[in-house]
Structures are given as structure tokens and as C-alpha cells.
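Everything in the sequence shown is counted per this note's numbering, starting at 1 for the first residue and increasing by one.
Think of the hints as simulated: they come from the structure by calculation, not from any bench.
Honestly, I wouldn't trust all of these hints.
Here are the in silico distance ranges between beta carbons for each label pair [stated by the list, open to error]:
#: 1; residue 1: ASP26; residue 2: TRP164; range: 53 to 59 Å
#: 2; residue 1: GLY204; residue 2: SER98; range: 27 to 33 Å
#: 3; residue 1: ASP94; residue 2: THR60; range: 33 to 39 Å
#: 4; residue 1: ARG131; residue 2: LEU250; range: 23 to 29 Å
#: 5; residue 1: VAL207; residue 2: VAL288; range: 31 to 37 Å
#: 6; residue 1: GLU27; residue 2: GLN161; range: 52 to 58 Å
#: 7; residue 1: VAL207; residue 2: VAL134; range: 18 to 24 Å
#: 8; residue 1: SER66; residue 2: ARG22; range: 17 to 23 Å
Quick caveat, the model's predicted, so the values are computed rather than measured.
Ideal Cβ positions, reconstructed from N, Cα and C, are used throughout, including at glycine.
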Amino acid sequence: MSDATVFAVRTALALYPGRYRRERGDELAVVFADTTAEAGPMAKVRELFDLGAYGLRMRTGLTSTSRGGRLAALAAPLVVGAAGGLAAGQALLDYLESGLPQGGWGLLHFLPYWALLASAVFSAVAALSGRWTVAKLLAAVSGLAAVADLAGETVWREPVQPLWLFLELFQWNGPFVLWALVLLAAPADALPVPAWRERGLILGAAVLTPVAAFADNVYTSWYHLDPLWRALMIVVPLLMALTAVRGWDLVAVPGIAALPWGFSVNLHGLWQQEGGAWRLLPMAVVTVAVAVALALVGRRRGPAGRQPA
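Full structure from sequences and hints, please.
Structural data, given as C-alpha cells:
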């Protein structure tokens, strides 16, 4: 191998946990050298990416044999369906209200916004056909487009209250970023081959999410929902997700899928209606205390319940 390739392999191996790298690093380097001996530059880059990506998964505990990786894979159909359905619903509303997009908001908003919608919709379509690699790539595009839209709008408007504007925009962009992270966390070898159940979950989430999102004007700054209900829309999915430490997958997976939307769409309203972030501290303290207690109980007694397939 050339010096550049050796450096790249060492960089990729640095992503592995230290003990595993010491025990298996030389073996991985030899395997890489053997498999790429006659390969072209692009094939070597792909192998390097796969080598480093798996090391990062091992370091973060998101492999197909880990609890976190399996949960992300179980949540993937709901997550990709929710993102695709919400994007399709918003695109339909935009069309019904103003016809085909003309870019009237300016390129800083127009391009990321429609890139977000299109990539999220096509990500769900790819998942329905079982092409999870494509679905994950498109989900990453939608997440990056959401971040670009959020940053562009915040800078372009030059707001007097940047935090207020950021949280307002996060209501829409936030779920797509968080959903993309969940889907990217799912190991490729743990994702299901779509059967009627997985396709049903994708389509069900795609239908229910826009119905829930657009039933009321929750995205408007003047929409006032009772703070208790807003808090419950965050706390309930969070506690559902945390039941994963007990092995309660049927409860945890819907919570993982619902939390990105519940958290993003209500954070701004809670902050605004309560008169400042500091007023949210009591709710946050109670929620964290319950979460820690649940985690400690799960760790002490060990996971129980049905394990993921």
C-alpha cells in the first residue's frame, strides 16, 4: 500500500475502540490490503469508508448486535414513513395554496426547503422497495437540507431575537434532522426486508403524521396549546423511548419515532408561553429524574420482555 493509503487505513482504524483496535487492527489492515489489491481508487475509497463507518458504529454502540443499533433498525420504518408523509403533506398544502413552486422566498430558503421535501418523500419510497441504503442517503440529504434552511433563514432575516426565531424555525426543520439521525443510526444489516408488516408501518406513519401535524395550527407562533399538553407531547414519547432499557420494544419503538416531532414542535411553544427557558427547568428536572430512575432500574434488574427479531 502507498503511504497515503496506509495513513487512510490508520485513520479509519482510529475510529475503533482501543481494545478492539489493538487486538484486531493488524488483521483488519491485512484484510483491507488483500481485498483492495486489484481495486480501483473509488473501490478503495468505498472500502475505507465502510471500514471507518463500522469502527464508528462499534465505538457508539450502534452495530446490528447492540441494543441501540437494533432499536434504530426497528424504528426505521416508522421514522422514514413519518418523514416522508410529513414532507408529502406539506408539499401538497403548498401546491393547493400557491400552485407550483416559483421560488418566491429567495434561493436561501427555496432550494433547501424543496430539497428537504423531495429527499424525504423519495427516502420513504426507497424504503418501501427495500432499498435502505438509498433511503438512508436521501434521509441524510433531507437532514442536511433542514440544517441549511434553518441556518439560512436565521442569518438572512437578521432577527432581533435569534433564539426565538431559531426555535420557531426548529418546529419544522427539527424533526427531519432528528429522524435522519435515527435512520442513519440503524445498521444496514439489521434493517428488515420489507414485507407487508414493514410496508404497513411505513404507510401508516406516512398517513398519520401529517394528519397529526396539520390538524391544528401548531406551527404558527400565535397558536396556544395548553402548556401541560405540550409538555406531555415531549415527556410521554421520551419515557416510552426509555423503556428500551427494560426491553419493552413495542413501547419504546413508537416513542423513538414520535419524540423528534413532539420535541421539536413544542419546544418553541413551551419557551414562549412560559415566558422563558428558565421556567422549563422544573419540568426538565422531573423528566430527567424519572428517566434516570428508569435507566437505573433497567441496569440493576437487567432487560426484560420481548427482544427484537
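### Message
Output the indices of the hints that this structure fails to meet, ascending.
### Response
No hint contradicted; all consistent.
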